[in-house]
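Visitor: Take a look at the letters that make up each chain.
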Amino acid sequence: SQELEQSPQSLIVQEGKNLTINCTSSKTLYGLYWYKQKYGEGLIFLMMLQKGGEEKSHEKITAKLDEKKQQSSLHITASQPSHAGIYLCGADMVKIIFGKGTRLHILP
Amino acid sequence: EPEVTQTPSHQVTQMGQEVILRCVPISNHLYFYWYRQILGQKVEFLVSFYNNEISEKSEIFDDQFSVERPDGSNFTLKIRSTKLEDSAMYFCASRDRGPSPWEEQFFGPGTRLTVL
Numbered sequence: 002s003q004e005l006e007q008s009p010q011s012l013i014v015q016e017g018k019n020l021t022i023n024c025t026s027s028k029t030l031y032g033l034y035w036y037k038q039k040y041g042e043g044l045i046f047l048m049m050l051q052k053g054g055e056e057k058s059h060e061k062i063t064a065k066l067d068e069k070k071q072q073s074s075l076h077i078t079a080s081q082p083s084h085a086g087i088y089l090c091g092a093d094m095v096k097i098i099f100g101k102g103t104r105l106h107i108l109p
Numbered sequence: 065e066p067e068v069t070q071t072p073s074h075q076v077t078q079m080g081q082e083v084i085l086r087c088v089p090i091s092n093h094l095y096f097y098w099y100r101q102i103l104g105q106k107v108e109f110l111v112s113f114y115n116n117e118i119s120e121k122s123e124i125f126d127d128q129f130s131v132e133r134p135d136g137s138n139f140t141l142k143i144r145s146t147k148l149e150d151s152a153m154y155f156c157a158s159r160d161r162g163p164s165p166w167e168e169q170f171f172g173p174g175t176r177l178t179v180l
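From first to last, the protein sequence lines stand for chains U and D.
For the first sequence, our numbering begins at 2 and goes up steadily by one.
For the second sequence, our numbering begins at 65 and goes up steadily by one.
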């Protein structure tokens with residue numbers, strides 16, 4: 002079965018710094034989602050990637066899917082307190098298989 | 065902007081009681097899902113529903129669980145006899161069409177179920 006591993010599990014970053022979160026799949030990805038979750042709340046859709054080598058950006062967040070479609074990265078530029086939360090990657094297999102998430106803290 | 069809604073936002077129940085969690089998916093969507101997230105753990109798929117029947121279910125979705133789309137707008141998850149380990153956040157999701165091409169799955173805000 003498909004497994005997604007996210008790294009790091011937790012990240013503490015000074016406000017204004019850049020950061021990268023990684024998501025590695027045990028199998029080829031047909032679609033890869035990135036969601037953000039604030040503690041105890043719902044899932045906020047960030048981006049969906051489908052093609053090998055694809056890259057998408059929204060405001061200061063950029064996500065890439067590698068050519069082999071087994072790895073994705075999420076990069077935040079000039080982080081802000083509003084970026085704090087849990088970032089989840091999800092493999093789209095009609096249902097979504099989620100990783101365990103990366104907990105991001107931003108220090109002011 | 066259309067959104068998935070869920071009620072109630074928080075449900076507290078006694079062990080052994082039946083609960084029904086309600087969802088209103090986005091109106092023109094065809095695929096419906098329930099996921100759950102036990103506190104501190106990852107979001108897990110429970111069941112998918114298409115064309116008025118279950119299309120896939122996980123091992124978690126045993127005989128105590130059922131889903132229904134009673135009136136063309138609501139999508140419900142029923143737990144017949146709740147257990148302590150059913151305490152979790154339950155998310156409903158919907159999507160417009162199937163895997164080709166892939167479409168975003170829209171998630172509701174969740175219902176926090178607490179079983180005492």
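Calculated directly from the structure, the hints in this document are not laboratory data.
Nothing here was measured: the structure is a model prediction, and the numbers come from that model.
From the three backbone atoms N, C-alpha and C, an ideal C-beta is built for every residue, glycine too.
It cannot be assumed that every hint is accurate.
Calculated pairs, DSSO-like style, for lysine-lysine (alpha carbon to alpha carbon, straight line, at most 30 Å) [as the list claims (entries may be wrong)]: (1) D:K106 / U:K52; (2) U:K39 / U:K101; (3) D:K121 / U:K70; (4) U:K101 / D:K121; (5) U:K65 / D:K106; (6) D:K106 / U:K39; (7) U:K37 / U:K65; (8) U:K69 / D:K121; (9) U:K61 / D:K147; (10) U:K65 / U:K101; (11) D:K106 / U:K70; (12) U:K52 / D:K142; (13) D:K147 / U:K52; (14) U:K37 / U:K57; (15) U:K37 / D:K142; (16) D:K106 / U:K37; (17) D:K121 / U:K61; (18) D:K147 / U:K39; (19) D:K121 / U:K18; (20) U:K39 / U:K28; (21) D:K142 / U:K18; (22) U:K61 / D:K106; (23) U:K70 / D:K147; (24) U:K57 / D:K142; (25) U:K69 / D:K106; (26) U:K70 / U:K101; (27) U:K18 / D:K147; (28) U:K28 / D:K106; (29) D:K121 / U:K28.
Chain D side only, calculated, beta carbon under 10 Å to chain U, not exhaustive [said to hold, decoys possible]: (30) S91; (31) Y95; (32) E108; (33) E168; (34) R176; (35) V179; (36) L180.
Visitor: Which hint numbers doesn't this structure obey?
Guide: As far as the earlier hints go, 9, 12, 13, 17, 19, 21, 23, 24, 27, 30, 35, 36 are violated by this structure, in ascending order.
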